[in-house]
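Novice: Below, each chain spelled out in residue letters.
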Amino acid sequence: MIRVIDLDKSFNNQLVLSNISVSFEPGKTNLIIGRSGSGKTVLLKSIVGLHEIDRGEIWYDDIHFNKLDFEAKKEIRKEIGMLFQGSALFDSLTVEQNVKFPLDMFTDKNEEEKTDRVNFCLKRVNIINANKLLPSELSGGMKKRVAIARAISLNPKYLFCDEPNSGLDPITAILIDELIKELTEEYSMTTIVNTHDMNSVMKIGEKIIFLSDGVKCWEGSNKEILYSDCTILNDFVFANALAKQLKSSLK
Amino acid sequence: MIKFLTQFGRYFLLLKKVFSKPEKPYVYYKQTMHELVFLGLNSVGIITVISFFMGAVITLQTAYNTENPIYPTYLIGLGCRDSILLEFSSTITALILAGKVGSNIASELGTMRVTEQIDALETMGVNSASYLILPKIIATLLFNPILTLISISVGIFGGWIAGTSAGVITSEDFVYGIQYAFIPYYVTYAIIKTLVFAFVITSVSAFEGYFVEGGSLEVGQASTRAVVYSSVIILLLNVILTQLLLS
Numbered sequence: 001m002i003r004v005i006d007l008d009k010s011f012n013n014q015l016v017l018s019n020i021s022v023s024f025e026p027g028k029t030n031l032i033i034g035r036s037g038s039g040k041t042v043l044l045k046s047i048v049g050l051h052e053i054d055r056g057e058i059w060y061d062d063i064h065f066n067k068l069d070f071e072a073k074k075e076i077r078k079e080i081g082m083l084f085q086g087s088a089l090f091d092s093l094t095v096e097q098n099v100k101f102p103l104d105m106f107t108d109k110n111e112e113e114k115t116d117r118v119n120f121c122l123k124r125v126n127i128i129n130a131n132k133l134l135p136s137e138l139s140g141g142m143k144k145r146v147a148i149a150r151a152i153s154l155n156p157k158y159l160f161c162d163e164p165n166s167g168l169d170p171i172t173a174i175l176i177d178e179l180i181k182e183l184t185e186e187y188s189m190t191t192i193v194n195t196h197d198m199n200s201v202m203k204i205g206e207k208i209i210f211l212s213d214g215v216k217c218w219e220g221s222n223k224e225i226l227y228s229d230c231t232i233l234n235d236f237v238f239a240n241a242l243a244k245q246l247k248s249s250l251k
Numbered sequence: 001m002i003k004f005l006t007q008f009g010r011y012f013l014l015l016k017k018v019f020s021k022p023e024k025p026y027v028y029y030k031q032t033m034h035e036l037v038f039l040g041l042n043s044v045g046i047i048t049v050i051s052f053f054m055g056a057v058i059t060l061q062t063a064y065n066t067e068n069p070i071y072p073t074y075l076i077g078l079g080c081r082d083s084i085l086l087e088f089s090s091t092i093t094a095l096i097l098a099g100k101v102g103s104n105i106a107s108e109l110g111t112m113r114v115t116e117q118i119d120a121l122e123t124m125g126v127n128s129a130s131y132l133i134l135p136k137i138i139a140t141l142l143f144n145p146i147l148t149l150i151s152i153s154v155g156i157f158g159g160w161i162a163g164t165s166a167g168v169i170t171s172e173d174f175v176y177g178i179q180y181a182f183i184p185y186y187v188t189y190a191i192i193k194t195l196v197f198a199f200v201i202t203s204v205s206a207f208e209g210y211f212v213e214g215g216s217l218e219v220g221q222a223s224t225r226a227v228v229y230s231s232v233i234i235l236l237l238n239v240i241l242t243q244l245l246l247s
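Chains S and B, in that order, give the protein sequences.
Per the working numbering, the very first residue in the first sequence carries number 1; after that it's consecutive.
Per the working numbering, the very first residue in the second sequence carries number 1; after that it's consecutive.
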């Protein structure tokens, strides 16, 4: 479980996250939703320690993460897998080398064991016969899947996904969502996904928090989101024409 | 002034991070071998071409400035050797490498920063500064002295070819000139300067690239700053080192 307590974060004296308190449960796909610029990515990066927070606490199970020094944080980070918005695959490495990278850095496995693990992870995300390709030779969906394979190569306890569907067509986006949900259940990971894609919200959002202007405005599940009284949330959820029609039919 | 001091402080904090204990020495070794090829071996071509023509021009200019019969012609060879040894092969080579290698390092790290590849390393628990920068520093410290020795040899060879082809000096006089009053310490002096310049080029360029914020425009600006700052620092240190090592 990951707990965030009273978190504040500012850049150049401008508060971008204010008094955020939330807990993310293991084995569930936890979603952070909100408009662009609402602070989703800053919250995610603060939780993994890429941003120093101004105030508050971040707990990974019973470990007070933001009190740890760089070396101590490393131990937690070995249990973290992260999928970045642009995939963040290493340009100069092949698909196989990208997935093998965490194994090279943090395990004492021999080459054969590492190759087996790489092939297992790639097969799990449905990437076949692409081991020797460079990231520049992959499609957007393939890049995301390779990044997921890299993220799960060390069997992480925590999986973070920053807008996993951005730039993908709806069919591929659904495949990525399903993959994230399956992996979360399969490995009992604590998964946190940043998104503003309502398809993802409805499909995989077991627990959802909604951010607006750096403030947590709502918390609930995908079953509850359609019936919320929160006006800002309703404006966000029912922003497009199809959703508006759905809302009127619900009434 | 405060901005300058802040940047200066950040530079040394980055160096502290760079020189911390590597996670997996074998991975760093492999990375260093890669950088030796990428930053070192791939620079042999440009250094060879430039050094050859540099030596040729130095010889021809020395010849046209010493046409007076008072001066023995072997002075042309001697002038060519000392100019290349004392200044051109270390300083000019460093300035060229600041352009080639420095911009390469800054743009590589800058692109990795804006595409979140550095964040990905940090999230995994890898010391990104050390993993990305230390192999580059080691590679340039190991290979740039070799580049300087290549530059010295090729430069003198270029001078011999140009001098004899243009008929301004005989082959015997040129060879006598490059052997006359040779001081071996000059080679040591050139190597010391090369090592200092190699460190400056790599660390300053890495600093500029590592802390890029923004997008492709900022990466380009960082790349330009890397070349300009490295070049200025090289020229400044050239004066200081010359005073320290030759006085």
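No lab work stands behind these hints: they were computed from the structure.
Owing to the predicted nature of the structure, the values given are computational and were not obtained by experimental measurement.
Cβ atoms here follow ideal geometry from the backbone N, Cα and C, with glycine treated the same way.
Some hints could be false.
As the list claims (entries may be wrong) - Computed beta-carbon distance windows for the label pairs: (1) S:Leu226 / B:Asn42: 57 to 65 Å; (2) B:Ile240 / S:Gly37: 32 to 40 Å; (3) B:Tyr185 / S:Phe11: 31 to 39 Å; (4) S:Asn12 / B:Leu13: 53 to 61 Å; (5) B:Gly215 / S:Asn126: 27 to 35 Å.
To be verified - Under 7 Å between C-beta atoms, here's a sample of chain B residues computed to sit facing chain S: (6) Arg10; (7) Pro22; (8) Thr115; (9) Glu116; (10) Gln117; (11) Thr123; (12) Val126.
Unchecked claim - No more than 16 Å apart at the CA atoms, straight line, and that leaves these computed lysine to aspartate or glutamate pairs for EDC-like: (13) B:Lys17 / S:Glu71; (14) S:Lys203 / S:Glu182; (15) S:Lys181 / S:Asp62; (16) S:Lys67 / S:Asp54; (17) S:Lys74 / B:Glu23; (18) B:Lys24 / S:Glu186; (19) S:Lys67 / S:Asp6; (20) S:Lys73 / B:Glu23; (21) S:Lys247 / S:Glu219; (22) S:Lys67 / S:Glu52; (23) S:Lys78 / S:Glu111; (24) S:Lys207 / S:Asp235; (25) B:Lys30 / S:Asp229; (26) S:Lys114 / S:Asp104; (27) S:Lys73 / B:Asp119; (28) S:Lys78 / B:Asp82; (29) B:Lys24 / S:Asp104; (30) B:Lys24 / S:Asp229; (31) S:Lys157 / S:Glu113; (32) S:Lys78 / B:Asp119; (33) B:Lys16 / S:Asp104.
Novice: Now tell me if each hint is right for this structure.
Specialist: Tested hints:
1. A hinted range of 57 to 65 Å for the beta carbons of S:Leu226 and B:Asn42 is consistent with their spacing of about 59 Å.
2. For the pair B:Ile240 and S:Gly37, the beta carbons lie near 49 Å from each other, so the given range of 32 to 40 Å is not met.
3. For B:Tyr185 and S:Phe11, the Cβ-Cβ distance of about 54 Å falls outside the hinted range of 31 to 39 Å, so the restraint is violated.
4. Between S:Asn12 and B:Leu13 the beta carbon distance is about 20 Å. The supplied range of 53 to 61 Å is therefore violated.
5. At roughly 32 Å, the beta-carbon separation of B:Gly215 and S:Asn126 lies within the given 27 to 35 Å, and the hint holds.
6. Proximity of B:Arg10 to chain S is violated relative to the hint, the smallest CB-CB distance being about 15 Å (cut-off 7 Å).
7. The interface hint given for B:Pro22 is violated, since its Cβ lies 10 Å from the closest Cβ of chain S, which is over the 7 Å cut-off.
8. Annotation: interface hint on B:Thr115 holds; nearest CB of chain S at approximately 6 Å, less than 7 Å.
9. Below 7 Å, beta-carbon pairs count as interface contacts, and B:Glu116 has one with chain S at about 4 Å; its hint therefore holds.
10. Interface hint at B:Gln117: satisfied, since its Cβ lies 5 Å from the closest Cβ of chain S, which is below the 7 Å cut-off.
11. About 5 Å separates the beta-carbon of B:Thr123 from the nearest beta-carbon of chain S, less than 7 Å, and the hint is met.
12. This hint holds: B:Val126 has a C-beta 6 Å from the nearest C-beta of chain S, less than the 7 Å allowed.
13. The suggested pairing of B:Lys17 with S:Glu71 holds, with an alpha-carbon distance near 12 Å, which does not exceed 16 Å.
14. Using a Cα cut-off of 16 Å, the hinted pair S:Lys203 and S:Glu182 holds, with the two alpha carbons roughly 12 Å apart.
15. At roughly 25 Å between alpha-carbon atoms, S:Lys181 and S:Asp62 are farther apart than 16 Å, so this suggested pair is violated.
16. For the suggested pair S:Lys67 and S:Asp54, the alpha carbons sit about 12 Å apart, so the restraint of at most 16 Å is met.
17. Between S:Lys74 and B:Glu23 the CA atoms are separated by roughly 11 Å; this keeps the pair inside 16 Å, and the hint holds.
18. For the proposed pair B:Lys24 and S:Glu186, the alpha carbon gap of about 30 Å is over 16 Å, so the pair is violated.
19. A distance of roughly 15 Å separates the Cα atoms of S:Lys67 and S:Asp6; the hinted pair therefore holds under the 16 Å criterion.
20. As the CA atoms of S:Lys73 and B:Glu23 are separated by approximately 14 Å, the hinted pair is consistent with the 16 Å bound.
21. Straight-line distance between C-alpha atoms of S:Lys247 and S:Glu219 comes to about 20 Å, which puts the hinted pair past the 16 Å bound.
22. A threshold of 16 Å between alpha carbons decides the hint, and for S:Lys67 with S:Glu52 the separation of about 11 Å falls inside it, so the pair holds.
23. Distance check on the hinted pair: S:Lys78 and S:Glu111 sit about 20 Å apart at the alpha-carbon level, beyond 16 Å; violated.
24. With a CA separation close to 19 Å, the supplied pair S:Lys207 and S:Asp235 exceeds the 16 Å bound.
25. Taken as a hint, the B:Lys30 and S:Asp229 pair is broken in the structure, with Cα atoms around 58 Å apart against an allowance of 16 Å.
26. Between S:Lys114 and S:Asp104 the CA atoms are separated by roughly 8 Å; this keeps the pair inside 16 Å, and the hint holds.
27. As the CA atoms of S:Lys73 and B:Asp119 are separated by approximately 14 Å, the hinted pair is consistent with the 16 Å bound.
28. Between S:Lys78 and B:Asp82, the direct Cα distance comes to roughly 55 Å. Violation of the 16 Å bound is thereby established for this hinted pair.
29. For a cut-off of 16 Å, the pair hint linking B:Lys24 to S:Asp104 stands: about 8 Å separates their Cα positions.
30. Distance check on the hinted pair: B:Lys24 and S:Asp229 sit about 53 Å apart at the alpha-carbon level, beyond 16 Å; violated.
31. Simply put, S:Lys157 and S:Glu113 have alpha-carbon atoms about 21 Å apart, too far for the 16 Å limit, and the pair is violated.
32. A threshold of 16 Å between alpha carbons decides the hint, and for S:Lys78 with B:Asp119 the separation of about 14 Å falls inside it, so the pair holds.
33. For the hint pairing B:Lys16 with S:Asp104, the CA-to-CA distance comes to about 24 Å; that exceeds 16 Å, so the pair is violated.
In summary, the numbered hints that this structure violates are 2, 3, 4, 6, 7, 15, 18, 21, 23, 24, 25, 28, 30, 31, 33.
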